[in-house]
Amino acid sequence: MRQLTVLASEDLCVAQVPLFQGLTHDEQLAVAGVARRTTLDKDQQVYAAGSDVSQLMIVHTGRIKISRLSADGHEQIVRVLGPGDFVGESAFLTGARPDHFAVALEPGSMCVFRHLDLDRLLKQHPSIGLQMLQDVSRRLDETESRLASVISDDVSSRLADYLLSLPGRRVEGHLQVELPLAKKDIASLLDTTPG
Numbered sequence: 001m002r003q004l005t006v007l008a009s010e011d012l013c014v015a016q017v018p019l020f021q022g023l024t025h026d027e028q029l030a031v032a033g034v035a036r037r038t039t040l041d042k043d044q045q046v047y048a049a050g051s052d053v054s055q056l057m058i059v060h061t062g063r064i065k066i067s068r069l070s071a072d073g074h075e076q077i078v079r080v081l082g083p084g085d086f087v088g089e090s091a092f093l094t095g096a097r098p099d100h101f102a103v104a105l106e107p108g109s110m111c112v113f114r115h116l117d118l119d120r121l122l123k124q125h126p127s128i129g130l131q132m133l134q135d136v137s138r139r140l141d142e143t144e145s146r147l148a149s150v151i152s153d154d155v156s157s158r159l160a161d162y163l164l165s166l167p168g169r170r171v172e173g174h175l176q177v178e179l180p181l182a183k184k185d186i187a188s189l190l191d192t193t194p195g
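In the numbering used here, the protein residues as written are 1 to 195.
Please keep in mind that the hints were generated in silico from the structure rather than gathered at the bench.
One thing to keep in mind: the hints can contain errors.
To be verified - Label-pair restraints from in silico Cβ distances:
no., residue 1, residue 2, range
1, Q124, D191, 34 to 44 Å
2, V155, R120, 41 to 51 Å
3, L147, G33, 15 to 25 Å
4, R97, R138, 20 to 30 Å
5, L163, A30, 19 to 29 Å
6, Q76, L179, 12 to 22 Å
7, L116, K183, 35 to 45 Å
8, A148, R120, 22 to 32 Å
9, L116, S165, 13 to 23 Å
10, L147, L69, 15 to 25 Å
11, Q124, L175, 37 to 47 Å
12, A160, R138, 35 to 45 Å
13, A182, S156, 12 to 22 Å
Virtual Cβ for every residue (Gly too), placed ideally from N, Cα, C.
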């Protein structure tokens, strides 16, 4: 007699990921069967610039910092990935090696797909490709806005825009915002120095 293991949606690495939310539960189970779940420790390097990264990595839990190093060794944070965010699509689409580093900011896990498996999944489920394209387009819009802000706004305006973009909650009649990064990392993200 064959024994069936039924996984709750929240146990599936792919269930909470926007790329796969358009799929049925059975389709998500099939996709999860292809994914390799990887756990990360705090400060663990996921990959380095120039690495041969032939896989799509989707954050399931935790956060991952994407950064570049300048010629003088200064770290510039490009973005921070949270649950549902992914990286590795450029290597999949163009074959290019990354020019950035990826490091876990806290313990977490990822769903990892080899590019050959991802190619097959995109052919079977075109909605995954459309969702990926929408996410990359949103990311490009955010990057262009940040670039325009760095070029035209002063530091106070950039910091104010960043703080206003964070989720807040009311505490005793005041709006409270929790910073998701250390001050030095926020400064790097905003292309300034910590005060």
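Here is how each hint holds up against the structure:
no., hint, verdict
1, Q124 - D191: 34 to 44 Å, "41 Å, holds"
2, V155 - R120: 41 to 51 Å, "47 Å, holds"
3, L147 - G33: 15 to 25 Å, "40 Å, violated"
4, R97 - R138: 20 to 30 Å, "24 Å, holds"
5, L163 - A30: 19 to 29 Å, "42 Å, violated"
6, Q76 - L179: 12 to 22 Å, "19 Å, holds"
7, L116 - K183: 35 to 45 Å, "42 Å, holds"
8, A148 - R120: 22 to 32 Å, "39 Å, violated"
9, L116 - S165: 13 to 23 Å, "37 Å, violated"
10, L147 - L69: 15 to 25 Å, "19 Å, holds"
11, Q124 - L175: 37 to 47 Å, "45 Å, holds"
12, A160 - R138: 35 to 45 Å, "22 Å, violated"
13, A182 - S156: 12 to 22 Å, "20 Å, holds"
The structure is inconsistent with the numbered hints 3, 5, 8, 9 and 12, although it conforms to all the rest.
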